Amino acid sequence: MVIGYRLLVIENMMKKSLLILVAICCTTTIYAQDFLNKSKVSGSFQIDGNYYWEDNGIGISAEDINGESFGAYGFGKLQYQLGDFSAGMRFEAYQTTPMSGFDARVKGMGVANFFATYDNGTIGITVGDIYDQFGNGLIFRTYEEWTLGFDNSLRGIRAVFRPCNGVTLKGIYGKQRYYWVSYEEERGLVRGVDGEWDINSSIEALNDAKLKASLGASFVSKYEAEPSMEFDGCVYKLPQNVGAYAGRMNLGYGRFGFSAEYARKINDPSFFNNWIYRDGQEVLASLSYSQKGLGIVLQAKRVDNMSFKSMRTAWQNDLDIGFIPPINYTHTHCLPSMFAYATQPLGEMGVQFQVNYTIPKKTALGGKYGTKLAFNYSQVNDIKRDSVMFDGVNTLNMMGTKGYESPFFAIGDKMFYRDFNFEIEKKISAKWHLTLMYINLYYDMETIEGHPGAEAVKAHFAFGEAIYKINRKHSLRLELQHMWDNVGKNQEIDPLYEEYYVKRGNWMAFLLEYTIAPKWFVSVADKYNYGNPIADNRDHYFTGSVGFIKDQTRIALSGGRQSQGLVCVGGVCREVPASSGVSLTITTSF
Amino acid sequence: MKKLLAFLLFGFMFFGLTAQNKSDLPNITLKNLDGQSVNISEINNGGKPFVMTFWATWCGPCVKEHNALTEVYDDWVEETGVKIISVSIDDARSTAKIKPFVDGKGWPFEILLDVNKDLARAMNVSNPPHTFLFDGNGKIVWQHTGYLDGGEEDLYEEIIKIAK
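These protein sequence lines map, in sequence, to chains X and S. Basically this note's numbering = 1-based index in the first sequence + 719. Basically this note's numbering = 1-based index in the second sequence + 8.
If we strip away everything but chain X, and leave its shape as in the complex, we get:
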């Protein structure tokens, strides 16, 4: 009896299971075809391998290498897409060495990033590690920069809602990536909302209006549980919630354009700002005019105490919530790019003016192919800081105070960076192409590289490039550069400050490259610091490279000396020491 009952139960279960199985089979056969047709798997892969060796000529000893002569950095990314659904992950491995110049904390490996998104155009939801930005990113931007070892992605959830044409609402919630530190460990929560209204798209009657306008606003708040801290016998009350808000507008009228964004943050004492209780603010504005063959843009910005990080004790580029865009010109030639500007979140005021003009074809000056001209001026100064007297004590930048007062329009005396440059680019004939450039640079090494007392760089640069097209596929390119820097000429350098002079004085450089489109390139180059104020530093940095490209795969091998310098992307920099060795880079995608 009991056995019979059990059998019945089992039979029933089997029937049910079978039914479910059949149902699954049916749906899968219906959908299997769709799965195959509609699913898309893609990905990319990159590996950088470096082998370093001793080089007494530039002061690289076995101790510097510390037995870690091999460094390798690689990532593999896999993405899956099925209609409105997509998901992906990125595996990272950073085997850093003292020579690679990465922050030691990037060392490690694992799945650093994963996400799943459903977005049907009206509603979008992402869970996992999120990259996004509000407006210009002043109070929220998460991004990843492989060459810097930088990743401040937000692990959490994001929702996007587009109720009608031209309106986008976004919300984010989560914790930021902090190298390989577990997300369970201490750091703040980040929450935010953003709305954008593109007026012309949302109102049909204005679709084709000459005046284009869009408005946006955002609010971001970070939460840290600790309500106070003790230091030197004093207890400092700390805000657990720090709110920041921003508003922005974009206007276009025919050839003119105007855009501006203003952001403000409540007091946010942190290690980075020396624990002062001052509110932060930032404004970024630009005005432009452009027509075919002529573009003019003027930009200005002011940053005052705007370091915004999701952990009060974070330093350097760690856990940044906001992004402060630098506005100066980005130099790509090897000599001027040794002196790249890094943004100063505690305070800076800058302007930048750029003109691009093409002298038309078939005119006296333009010649057969036209001539391209570019002019650029940018300058960044400190903000003015007035001290606040409290009980007869000067509290300028003093921990636990408001820090300072700063009149909005007053420019600080200290100049951080100034650059004006002029470029002419001309195709002379079907065979010849020429580019000439002059650069005048002021670079406050003391502030930008954190070397107290270092003399600012006041340098001139000349750059020339000639390309000779041998035939349809073969080309030869020669690049010549010179830098004039008079620092330390005819004077004794105090050995204590020797490291401030490693890349100073006159330089010359050349590069010769032979390319066979679209697959092969080979080049030799040398940088020679012949005018270094310290005779021992007058070194050559000779390098040779060879590379191969097939469709989306690129393999490059180079060897030689690398000079000390900053590698910067978007105003964020990392310092790379001088080194000697070979490196291999492979990138591909599928």
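Hints in this document: simulated from the structure, not taken from any laboratory. Please note: incorrect hints may appear among the correct ones.
[What the hints assert, rightly or not] Straight-line C-alpha distance at most 25 Å; calculated PhoX-like pairs for lysine-lysine:
| no. | chain 1 | residue 1 | chain 2 | residue 2 |
| --- | --- | --- | --- | --- |
| 1 | S | Lys56 | X | Lys757 |
| 2 | X | Lys1188 | S | Lys113 |
| 3 | S | Lys113 | X | Lys1087 |
| 4 | X | Lys1011 | S | Lys91 |
| 5 | X | Lys1238 | S | Lys169 |
| 6 | S | Lys147 | X | Lys757 |
| 7 | S | Lys169 | X | Lys1192 |
| 8 | S | Lys113 | X | Lys1080 |
| 9 | S | Lys39 | X | Lys931 |
| 10 | S | Lys169 | X | Lys1269 |
| 11 | S | Lys39 | X | Lys929 |
| 12 | X | Lys796 | X | Lys759 |
| 13 | X | Lys894 | S | Lys125 |
| 14 | X | Lys1192 | S | Lys91 |
| 15 | S | Lys113 | X | Lys931 |
| 16 | S | Lys147 | S | Lys39 |
| 17 | S | Lys113 | X | Lys1081 |
| 18 | X | Lys796 | S | Lys147 |
| 19 | S | Lys147 | X | Lys1269 |
Computed from a predicted model, the values in this text were never measured in an experiment.
With chain X held as given, fit chain S onto it using these hints.
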């Protein structure tokens, strides 16, 4: 929590299935130079092939590639009907500079701003320049990373193969 995630995942996949996905273009919205939103998945060239190329103002080879493409563009359009869509991956530092830069250089392409590299990530672009050739149905038929002088001719050979 894990169950919820798994549930969400399958939910997403199911919904994903019900949608149409004919092309290799992801469902991402970018702005053009007028500030208007453009949904990438809706990009087409009336059944004719189109090129999508990723670049940045700080990328020398990218600027060279664009200058070279500008010179041949009129001929290419006339002969094949191809369209070039140029995606800038410059971040907020340059957003306001792109239009004057592009106009000043006289580039005739449709420009899109991928300010936080959403599209570049979705299309697995690691380093610019990276150029994709799509057929009339929005399927990637060829791609190439880097630019070497004369490389535009190789792109054109690929365009001719699929242009009707």
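Hints versus structure:
1. S:Lys56 / X:Lys757: Holds, at roughly 22 Å.
2. X:Lys1188 / S:Lys113: Distance ~22 Å between Lys1188 of chain X and Lys113 of chain S Cα, so the pair holds.
3. S:Lys113 / X:Lys1087: 16 Å, holds
4. X:Lys1011 / S:Lys91: 19 Å, holds
5. X:Lys1238 / S:Lys169: 20 Å, holds
6. S:Lys147 / X:Lys757: 12 Å, holds
7. S:Lys169 / X:Lys1192: Holds, at roughly 19 Å.
8. S:Lys113 / X:Lys1080: 12 Å, holds
9. S:Lys39 / X:Lys931: Within the cut-off at roughly 13 Å; holds.
10. S:Lys169 / X:Lys1269: 18 Å, holds
11. S:Lys39 / X:Lys929: 17 Å, holds
12. X:Lys796 / X:Lys759: 14 Å, holds
13. X:Lys894 / S:Lys125: With a Cα-Cα distance of about 21 Å, the restraint between Lys894 of chain X and Lys125 of chain S holds, given a limit of 25 Å.
14. X:Lys1192 / S:Lys91: Roughly 24 Å separates the two Cα atoms, so the pair holds.
15. S:Lys113 / X:Lys931: 23 Å, holds
16. S:Lys147 / S:Lys39: 22 Å, holds
17. S:Lys113 / X:Lys1081: 16 Å, holds
18. X:Lys796 / S:Lys147: Roughly 21 Å between the alpha carbons, so the hint for Lys796 of chain X and Lys147 of chain S holds.
19. S:Lys147 / X:Lys1269: With a Cα-Cα distance of about 20 Å, the restraint between Lys147 of chain S and Lys1269 of chain X holds, given a limit of 25 Å.
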